[in-house]
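J.: Chains as they are written, first to last, in the working numbering: chain X, 1 to 405; chain Y, 1 to 405.
These are computed hints drawn from the structure, not numbers from a lab.
Each residue gets a CB set at the ideal place from its N, CA and C atoms; glycine is no exception.
It is possible that part of the hints are untrue.
Stated by the list, open to error - Okay, the calculated bits of chain Y under chain X, using three or more residues with CB under 8 Å as the criterion:
| no. | segment |
| --- | --- |
| 1 | 38-45 |
| 2 | 58-69 |
| 3 | 160-167 |
| 4 | 248-262 |
As the list claims (entries may be wrong) - A partial selection of chain X residues facing chain Y, derived with a Cβ cut-off under 10 Å:
| no. | residue |
| --- | --- |
| 5 | 20 |
| 6 | 258 |
| 7 | 270 |
| 8 | 321 |
| 9 | 327 |
2 protein chains.
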Amino acid sequence: MTITLDDARALDRDDSLGRFRDEFLIGDDPVAYLDGNSLGRPPLRTLARVEDLMRREWGGRLIRGWEDGWLELPEQVGDRLAAASLGAAPGQTVVAESTSVNIFKLLHAACDLRPGRDEIVATDTDFPTDRYLVESVAAARGMTVRWLSPDLVVGVEPEDVRAALSERTAFVLLSHVDYRSGALADLPTITALAHDAGALAVWDLCHSAGAVPLALDADGVDLAVGCTYKYLNGGPGAPAFLYVAERHIGAVRQPITGWWGVADRFAMGPTYEPAPSIRVMLSGTAYVPGLVAVDASAEVVAEAGLEAIRAKSVALTSLCVELADAWLEPHGFRVASPRDPARRGSHITVRGPGARAVADAMTQARVIPDYRNPDMIRLGLSPLTTSYAELWTALDVTRRIVEER
Amino acid sequence: MTITLDDARALDRDDSLGRFRDEFLIGDDPVAYLDGNSLGRPPLRTLARVEDLMRREWGGRLIRGWEDGWLELPEQVGDRLAAASLGAAPGQTVVAESTSVNIFKLLHAACDLRPGRDEIVATDTDFPTDRYLVESVAAARGMTVRWLSPDLVVGVEPEDVRAALSERTAFVLLSHVDYRSGALADLPTITALAHDAGALAVWDLCHSAGAVPLALDADGVDLAVGCTYKYLNGGPGAPAFLYVAERHIGAVRQPITGWWGVADRFAMGPTYEPAPSIRVMLSGTAYVPGLVAVDASAEVVAEAGLEAIRAKSVALTSLCVELADAWLEPHGFRVASPRDPARRGSHITVRGPGARAVADAMTQARVIPDYRNPDMIRLGLSPLTTSYAELWTALDVTRRIVEER
């Protein structure tokens with residue numbers, strides 16, 4: 001027997017993170033929002049900080065804002081994000097540009113850090129931008145990609161990575177959480193395997209940052225990138241983060257050699273003198289309102305704590321699997337995410353006949369899921385804002401839709 | 001005899017653009033703001049539009065915002081900006097990423113469009129990010145840069161460009177307005193010269209967009225880039241624009257092959273299929289609040305009209321030169337900008353002894369100029385917000401400072 005709406009409400013009353021929902025702008029529409037894995041809800045303080053930035057700092061301080069602190073924001077917000085969600089000491093993270101631009105930089109940087117090696121290991125199931133960028137950077141640099149094809153539900157396995165590694169491997173590029181199924185890769189083991197082969201480990205953390213605890217320093221990750229608009233709630237298209245382990249700073253380079261990457265921006269010297277710090281990964285002027293938004297949103301995550309967020313995420317995804325098994329499976333929709341909570345991130349994917357139409361009907365009923373071709377409905381559970389009752393209601397609505405079909 | 005403050009106030013009363021000052025957030029501090037050439041003031045509607053985007057669209061529509069129109073914003077805002085300030089028909093402009101990232105893309109694109117040619121013509125006096133990027137992209141692509149060293153005040157001359165061009169030249173990269181002196185390059189003539197040599201003309205419009213009328217289509221410009229936070233008033237670090245002439249779309253490529261540059265983003269197909277449109281120049285997810293800000297700010301420029309803006313710019317820079325000659329020249333500060341209004345953009349540079357200390361004293365007196373090493377005080381005149389009285393007051397304060405020294 002599955003739980004009732006009253007049971008779900010009781011879980012909400014006992015939820016130690018329940019109060020965080022009040023930190024966000026949450027209206028009556030939608031009835032249930034299960035797409036925080038694509039775009040998180042706005043924290044109230046993020047709205048206030050951006051408005052203050054626009055009116056008081058931009059409007060009032062004008063150009064003086066740069067000297068008041070804007071210039072250091074990429075590194076400062078990076079450090080705060082690193083402390084809040086990446087398990088990384090200061091000086092290794094910046095927030096700027098888009099995820100795609102940052103992946104491009106890291107791919108070139110990784111090639112440079114392993115000269116003489118001509119292979120890259122990646123998965124042909126990764127998010128498109130990762131695949132497209134690996135392919136073009138490999139071509140530009142004369143590298144060969146060894147493509148792995150992991151199982152949708154299982155995700156990439158250490159044994160498969162090990163089999164692809166050799167003395168020719170420059171680096172491995174992998175997503176920590178599979179954007180389709182939510183399968184969670186074994187980051188520490190795969191990173192160690194890459195190192196055993198003399199290769200680097202480059203991680204895309206888009207679908208884990210802010211939902212899954214990370215220990216980039218302790219796990220020895222070399223390079224990492226991720227977006228800030230999913231579980232970090234930075235807003236639509238908010239600037240991405242980029243991490244370079246301290247041991248590589250000094251040697252690391254990237255090809256977009258803009259003036260923000262030099263040691264002294266206002267010396268405006270004759271040649272590009274790379275900054276001897278993480279700033280070397282920057283290129284152009286960062287959009288200040290975006291950085292302030294990420295800063296404020298990361299603060300909310302820091303206050304909640306990743307351990308508590310992960311505990312609620314596991315509880316939410318477990319309840320989601322339970323309800324999907326009970327209510328959707330009889331109508332042909334199967335869970336396509338790992339059943340072991342330790343092997344998954346914070347979204348649950350169900351697949352079934354007419355998934356596109358079901359997702360549309362859900363949206364029509366103001367229950368917002370995410371849809372991915374060819375037949376995947378992704379149910380994103382964002383622990384700071386998703387309530388148990390919201391999840392229950394969403395699955396209840398979905399049940400009615402698949403029953404009526 | 002120079003004009004009095006009352007004369008300046010009379011000019012303000014007769015100013016047909018005077019009412020636009022009410023479109024901006026303008027407080028009591030600073031007393032005079034002459035750095036709109038670095039960071040424009042916030043239009044009130046830009047503040048309102050960003051706040052509405054954050055609260056109503058992000059907060060209320062959540063992920064549905066992408067389908068409501070966010071996905072098309074880079075091209076849409078590009079088109080609006082093109083109509084307002086670039087003299088470019090729709091379909092050739094996008095707004096996204098930073099100026100530096102866009103210069104990087106255009107440099108590679110220009111190399112690809114002129115295969116077999118191995119020289120680039122650029123100036124060693126250009127803004128640092130342009131120089132650094134030309135240098136590194138040239139090295140990566142096996143190209144040689146022919147550096148011109150134009151005179152500070154005169155700026156780059158067509159004859160010098162002509163002398164550097166040959167059948168080996170792939171393209172010319174030049175800034176339309178010199179960031180130091182405000183010297184305005186002869187864009188139509190130089191573009192035609194480049195074409196005569198079979199080369200492309202790539203223009204950096206950072207210091208002219210929004211202040212100097214542009215006719216990119218009519219002048220046959222091939223590729224162009226520029227920022228939106230100076231005379232376009234998009235806010236600190238607001239996303240940049242990038243223009244590709246229609247005749248190159250279809251053939252043009254760029255190396256940051258992220259998912260936003262493909263024909264169908266949500267097909268998420270196995271390989272990168274470049275969009276057959278200006279969208280091919282995009283890479284990653286654009287920051288929506290930044291695009292909305294540029295859109296609203298460009299609207300203000302469109303309403304005023306570039307011809308009226310240019311007319312006031314010429315009047316302001318002429319008055320600035322007159323006052324500098326009368327009040328600062330006796331104290332060793334000389335105008336280092338072209339004296340012919342047709343040969344300059346919208347800022348006037350004065351050079352003199354102790355310029356750094358003078359600029360600091362001006363800022364202390366809440367008159368904000370811009371300073372550039374080694375001895376340049378830039379006085380930026382932003383026609384939509386700079387009043388004649390403001391300019392008069394700024395020069396009056398500066399006169400007292402240099403007199404007391």
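J.: Establish whether the coverage given for the segment 58-69 of chain Y by chain X is satisfied; the threshold is a Cβ-Cβ distance below 8 Å, and no fewer than three residues must meet it.
T.: holds (count 8)
J.: Hint check: is the beta carbon of residue 327 of chain X less than 10 Å from a beta carbon of chain Y?
T.: violated (23 Å)
J.: The hint names residue 321 of chain X as touching chain Y; please verify it with the least Cβ-Cβ distance against 10 Å.
T.: violated (22 Å)
J.: Report holds or violated for chain X covering the segment 38-45 of chain Y, Cβ cut-off 8 Å, minimum 3 residues.
T.: Since 4 is at least three, the answer is holds.
J.: Double-check residue 258 of chain X for me: the hint is only fine if its C-beta lies closer than 10 Å to a C-beta in chain Y.
T.: Holds, about 3 Å.
J.: Are three or more residues of the segment 160-167 of chain Y within 8 Å, CB to CB, of chain X?
T.: violated (count 0)
J.: With a cut-off of 10 Å on the beta carbons, see whether residue 20 of chain X makes it to chain Y.
T.: Status violated, d = 16 Å.
J.: Take the shortest C-beta to C-beta distance between residue 270 of chain X and chain Y; is it under 10 Å?
T.: holds (7 Å)
J.: Against chain X, does the segment 248-262 of chain Y show at least 3 residues with beta-carbon separation below 8 Å?
T.: holds (count 7)
Figure legend: structure checked against the earlier numbered hints; hints not met, in rising order: 3, 5, 8, 9.
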